[in-house]
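Residues per chain, in single letters:
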Amino acid sequence: MDSNLSSMIDLSPGPLPSSLQLTREGKLRHFLTIEGLSPLMLEEILDRAEQFVTLPNKNQSKAPLLRGKTVINLFFENSTRTRMTFELAAKRLSADLINLDINTSATSKGESLLDTIRNLEAMNVDMFIVRHQHSGAAHFIARYAAPHISVLNAGDGHHSHPTQAMLDMLTIRQHKGAFPPLKVAIVGDILHSRVARSQIHALTTLCAGEVRVIGPRTLMPVGVEAMGVNVFHDLYEGLEGVDVIIMLRLQKERMQNALLPSAHEYYKRYGLRKEALACAKPDAIVMHPGPSNRGVEIDSVVADGSQSVILQQVSNGIAVRMAVMSMVMSAQSGKLK
Amino acid sequence: MDSNLSSMIDLSPGPLPSSLQLTREGKLRHFLTIEGLSPLMLEEILDRAEQFVTLPNKNQSKAPLLRGKTVINLFFENSTRTRMTFELAAKRLSADLINLDINTSATSKGESLLDTIRNLEAMNVDMFIVRHQHSGAAHFIARYAAPHISVLNAGDGHHSHPTQAMLDMLTIRQHKGAFPPLKVAIVGDILHSRVARSQIHALTTLCAGEVRVIGPRTLMPVGVEAMGVNVFHDLYEGLEGVDVIIMLRLQKERMQNALLPSAHEYYKRYGLRKEALACAKPDAIVMHPGPSNRGVEIDSVVADGSQSVILQQVSNGIAVRMAVMSMVMSAQSGKLK
Amino acid sequence: MDSNLSSMIDLSPGPLPSSLQLTREGKLRHFLTIEGLSPLMLEEILDRAEQFVTLPNKNQSKAPLLRGKTVINLFFENSTRTRMTFELAAKRLSADLINLDINTSATSKGESLLDTIRNLEAMNVDMFIVRHQHSGAAHFIARYAAPHISVLNAGDGHHSHPTQAMLDMLTIRQHKGAFPPLKVAIVGDILHSRVARSQIHALTTLCAGEVRVIGPRTLMPVGVEAMGVNVFHDLYEGLEGVDVIIMLRLQKERMQNALLPSAHEYYKRYGLRKEALACAKPDAIVMHPGPSNRGVEIDSVVADGSQSVILQQVSNGIAVRMAVMSMVMSAQSGKLK
Numbered sequence: 107m108d109s110n111l112s113s114m115i116d117l118s119p120g121p122l123p124s125s126l127q128l129t130r131e132g133k134l135r136h137f138l139t140i141e142g143l144s145p146l147m148l149e150e151i152l153d154r155a156e157q158f159v160t161l162p163n164k165n166q167s168k169a170p171l172l173r174g175k176t177v178i179n180l181f182f183e184n185s186t187r188t189r190m191t192f193e194l195a196a197k198r199l200s201a202d203l204i205n206l207d208i209n210t211s212a213t214s215k216g217e218s219l220l221d222t223i224r225n226l227e228a229m230n231v232d233m234f235i236v237r238h239q240h241s242g243a244a245h246f247i248a249r250y251a252a253p254h255i256s257v258l259n260a261g262d263g264h265h266s267h268p269t270q271a272m273l274d275m276l277t278i279r280q281h282k283g284a285f286p287p288l289k290v291a292i293v294g295d296i297l298h299s300r301v302a303r304s305q306i307h308a309l310t311t312l313c314a315g316e317v318r319v320i321g322p323r324t325l326m327p328v329g330v331e332a333m334g335v336n337v338f339h340d341l342y343e344g345l346e347g348v349d350v351i352i353m354l355r356l357q358k359e360r361m362q363n364a365l366l367p368s369a370h371e372y373y374k375r376y377g378l379r380k381e382a383l384a385c386a387k388p389d390a391i392v393m394h395p396g397p398s399n400r401g402v403e404i405d406s407v408v409a410d411g412s413q414s415v416i417l418q419q420v421s422n423g424i425a426v427r428m429a430v431m432s433m434v435m436s437a438q439s440g441k442l443k
Numbered sequence: 107m108d109s110n111l112s113s114m115i116d117l118s119p120g121p122l123p124s125s126l127q128l129t130r131e132g133k134l135r136h137f138l139t140i141e142g143l144s145p146l147m148l149e150e151i152l153d154r155a156e157q158f159v160t161l162p163n164k165n166q167s168k169a170p171l172l173r174g175k176t177v178i179n180l181f182f183e184n185s186t187r188t189r190m191t192f193e194l195a196a197k198r199l200s201a202d203l204i205n206l207d208i209n210t211s212a213t214s215k216g217e218s219l220l221d222t223i224r225n226l227e228a229m230n231v232d233m234f235i236v237r238h239q240h241s242g243a244a245h246f247i248a249r250y251a252a253p254h255i256s257v258l259n260a261g262d263g264h265h266s267h268p269t270q271a272m273l274d275m276l277t278i279r280q281h282k283g284a285f286p287p288l289k290v291a292i293v294g295d296i297l298h299s300r301v302a303r304s305q306i307h308a309l310t311t312l313c314a315g316e317v318r319v320i321g322p323r324t325l326m327p328v329g330v331e332a333m334g335v336n337v338f339h340d341l342y343e344g345l346e347g348v349d350v351i352i353m354l355r356l357q358k359e360r361m362q363n364a365l366l367p368s369a370h371e372y373y374k375r376y377g378l379r380k381e382a383l384a385c386a387k388p389d390a391i392v393m394h395p396g397p398s399n400r401g402v403e404i405d406s407v408v409a410d411g412s413q414s415v416i417l418q419q420v421s422n423g424i425a426v427r428m429a430v431m432s433m434v435m436s437a438q439s440g441k442l443k
Numbered sequence: 107m108d109s110n111l112s113s114m115i116d117l118s119p120g121p122l123p124s125s126l127q128l129t130r131e132g133k134l135r136h137f138l139t140i141e142g143l144s145p146l147m148l149e150e151i152l153d154r155a156e157q158f159v160t161l162p163n164k165n166q167s168k169a170p171l172l173r174g175k176t177v178i179n180l181f182f183e184n185s186t187r188t189r190m191t192f193e194l195a196a197k198r199l200s201a202d203l204i205n206l207d208i209n210t211s212a213t214s215k216g217e218s219l220l221d222t223i224r225n226l227e228a229m230n231v232d233m234f235i236v237r238h239q240h241s242g243a244a245h246f247i248a249r250y251a252a253p254h255i256s257v258l259n260a261g262d263g264h265h266s267h268p269t270q271a272m273l274d275m276l277t278i279r280q281h282k283g284a285f286p287p288l289k290v291a292i293v294g295d296i297l298h299s300r301v302a303r304s305q306i307h308a309l310t311t312l313c314a315g316e317v318r319v320i321g322p323r324t325l326m327p328v329g330v331e332a333m334g335v336n337v338f339h340d341l342y343e344g345l346e347g348v349d350v351i352i353m354l355r356l357q358k359e360r361m362q363n364a365l366l367p368s369a370h371e372y373y374k375r376y377g378l379r380k381e382a383l384a385c386a387k388p389d390a391i392v393m394h395p396g397p398s399n400r401g402v403e404i405d406s407v408v409a410d411g412s413q414s415v416i417l418q419q420v421s422n423g424i425a426v427r428m429a430v431m432s433m434v435m436s437a438q439s440g441k442l443k
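Protein chains in written order, with my numbering: chain A, 107 to 443; chain B, 107 to 443; chain C, 107 to 443.
Incorrect hints may appear among the rest.
Okay, the calculated beta carbon distance ranges per label pair [claimed, not checked]:
no., chain 1, residue 1, chain 2, residue 2, range
1, A, Gln357, C, Glu371, 50 to 60 Å
2, C, Gln362, B, Val407, 41 to 51 Å
3, A, Pro170, B, Ser439, 20 to 30 Å
4, C, Gly132, A, Lys168, 22 to 32 Å
5, B, Gly440, C, Arg173, 22 to 32 Å
6, B, Thr129, C, Gly132, 46 to 56 Å
7, A, Arg323, B, Thr160, 50 to 60 Å
8, B, Ser406, A, Pro170, 39 to 49 Å
9, A, Asn363, C, Asp207, 41 to 51 Å
10, B, Ser439, C, Arg173, 23 to 33 Å
11, A, Lys168, B, Asn184, 31 to 41 Å
12, A, Asn363, C, Gly401, 24 to 34 Å
13, A, Glu331, C, Arg173, 46 to 56 Å
In case anyone wonders, no lab produced these hints; they're calculated from the structure.
We treat Cβ as the ideally placed atom computed from N, Cα and C, and that holds for glycine.
The task is simple: from the sequences and hints, build the whole structure.
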């Protein structure tokens, strides 16, 4: 029963029983992936998030929805920014939040992941926010977690980053309303991007009119068309007439791995500059999950331009996380009645 | 007056004046060691802790007992798990908690320990949770701390770990009721274990029927019998007929120090496996302070088996820490009236 | 628009438009430097701080003035002690506080400072506490921050440390009352000290009778007399008849840079010992921003003596920070009406 995460989770790479994320009554219990969730559920998350959106200069009132709850930021992979958004979301819901950086903690004493989980559960913890470099880590924890625990996936390997996708959907809906008429382009390293995977699932579930993925062949997953997207290798062609442009962050490691010639070359072909932006609809919005590499995947003029909604995405990130946290906790309390 | 902790505390290695832990009215002011506390006081801690025990799936309501109080986790030695249990306990009592890792802070600027303490006191801090690699560190701080400060020992060198001992006593009482009829065995590296020392004091104070210590000669303190325990070097013999088995964690450093031949050899002789467990009473409980080295001091089958109460110990750890925190703070406020 | 802080802030080293710190109605919006603030504003800070001073053994009640506000400790330079005082101040005002150590976070992903600021703003943060090794960093952030953000300078390069200066003023006022009759000596490394700069501005603004700076020529800024101070190179001469002695911390780096022969030599000439203290008025108070190097710039007998008010400075540090935090937040909410 001693767990070796990387081997165990590789044993179950298949599709997730969607029941794992939902209670018997169909409420959201964990939030691990967009895959398998109904359009209604996604809309519910967006509607709930909308209630938590506050203008930066408006007075924030603390919501007591998670008072007395303990949330653990269980980060196996460093990400200050994502950790902070979950921390802020938890605190604004009045939860107690504890950051646990697993590299520097119990596991260094040889404790297995499952032992760590069991111990945290025994401390009466209510929610794990899991970030992990291995695909499937959050699922694994959700599968073995005690019934009173909810697990939120804050990014696992190349697999999924569902809160990121939902904050993107929220931002799109705020600007464009309904999804069916929309053409959306996702540009960059599709192959390694958990963000792209989650966005594609969300967009197709919400019946976006067309989802395009644009990028070099070396960074395009084989058979990605099966996800319901159209593939482009030319940026200008791919952006033709789209309503929404989502730029992905380019990991520097890709250049070292010889998947790409150079950052400069990449920028020339796939960086979003004014000329490329002009191919999209005049009111197209420009998105990026951040932090952006200016001059690599996006020009500063565009990133800071009038069509950019990048900072609104950040604000929406807090609201979406508050929404999902309050939903899974209310599903938990419903279960107990 | 410039303090050199390691030298100063070696100057006072003798028994602690029990008055240091108690107010003039006999209430708990600091919690430094089990030694010298009355059975009544230990029972009061257990009774108070019992009120803070909540089932994992029951709604936690925040107790306001420490609202407005500031608690500092003053950790000179790293221990994520212990720090977390104190942090959770403090937050569930509505205290403000600040983690202060002393290796990476003021002392690196050459500030002495006493200066650090004086400065924290001046910041209107109310409680120090002290973890230190030197025996006597928490006593030293308590001795020199300002009157409005309470000190809790979270483990000092090989000396004492009183909250760990009390959570063990709570777990035993929950399963076995009264202590006098009980035979309790503590197994492993008795020599270096502050946990074992505190457990022995707690068990003898609570009049446990028999306390046995089991381990190799190299890991057994000379003259340990004077503490009121019976010594065994054979695991099977020592476990014969006991009600409670407490396994200790084996530090890997012991093997390097040539005190032990190998982990494998240790496991063969002192690891708790089914066969050894069968020597104890059929309803014996198995305890471990965690994190356990599966396959070194305990077999996974036993650690996860029906007689194991290891995770219950973890839950009780929060409750005991909440109990002690609220007791010392109420003793402080009583003093001020 | 990609920001390179060190170059950009060197472009604007001139005097700060005092309007940057104040709202149109003349209320404190940021707290970046003492320079340019009116005596009335400094007195207002001191009066407000006085209300937050509590005796260490008196029950602290939590002020709800910052409930629902998010404060970020944005530390580009490590300082456990200063960070803690801001954290305590924020928590005692019921704010949510998040520590962000910028060395180990977003900027390591190549994100520029301005991008970091923009992202934090988008997360609906209300206040940045900025500590930075470059002079002007807090000003830079204040200049570019969104309207709903307040910036407090927690020390920038050799430039300014205004909350430290104000806690010193509070301590002086508590002991000596009005400033005009006072002779105040600041002793040590004036050249590299942001603390000294801020103290001089505060003392001259509050019309202290005489401000003296004492130190070796190598550690004295050229033309410092223009700040309205009298310069001394002999400790005994400089301390003659003063009411207040402020010792500065000597950075060990100064010795390595050949600005000083040795710590021992420095102590002989500028260390505050009983004999030197005897030159001051008999009721002179001794101050130090801490942490002090005992035996380098101050003798332990003096640091712990009856004239020392060093620990009172620490207590006042929390009160002053609470005062400034509540003032800038109330200026913000006034702005919105």
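*Enumerate the violated hints, using their earlier numbering and listing them in ascending order.*
Those not satisfied are hints 2, 9, 12.
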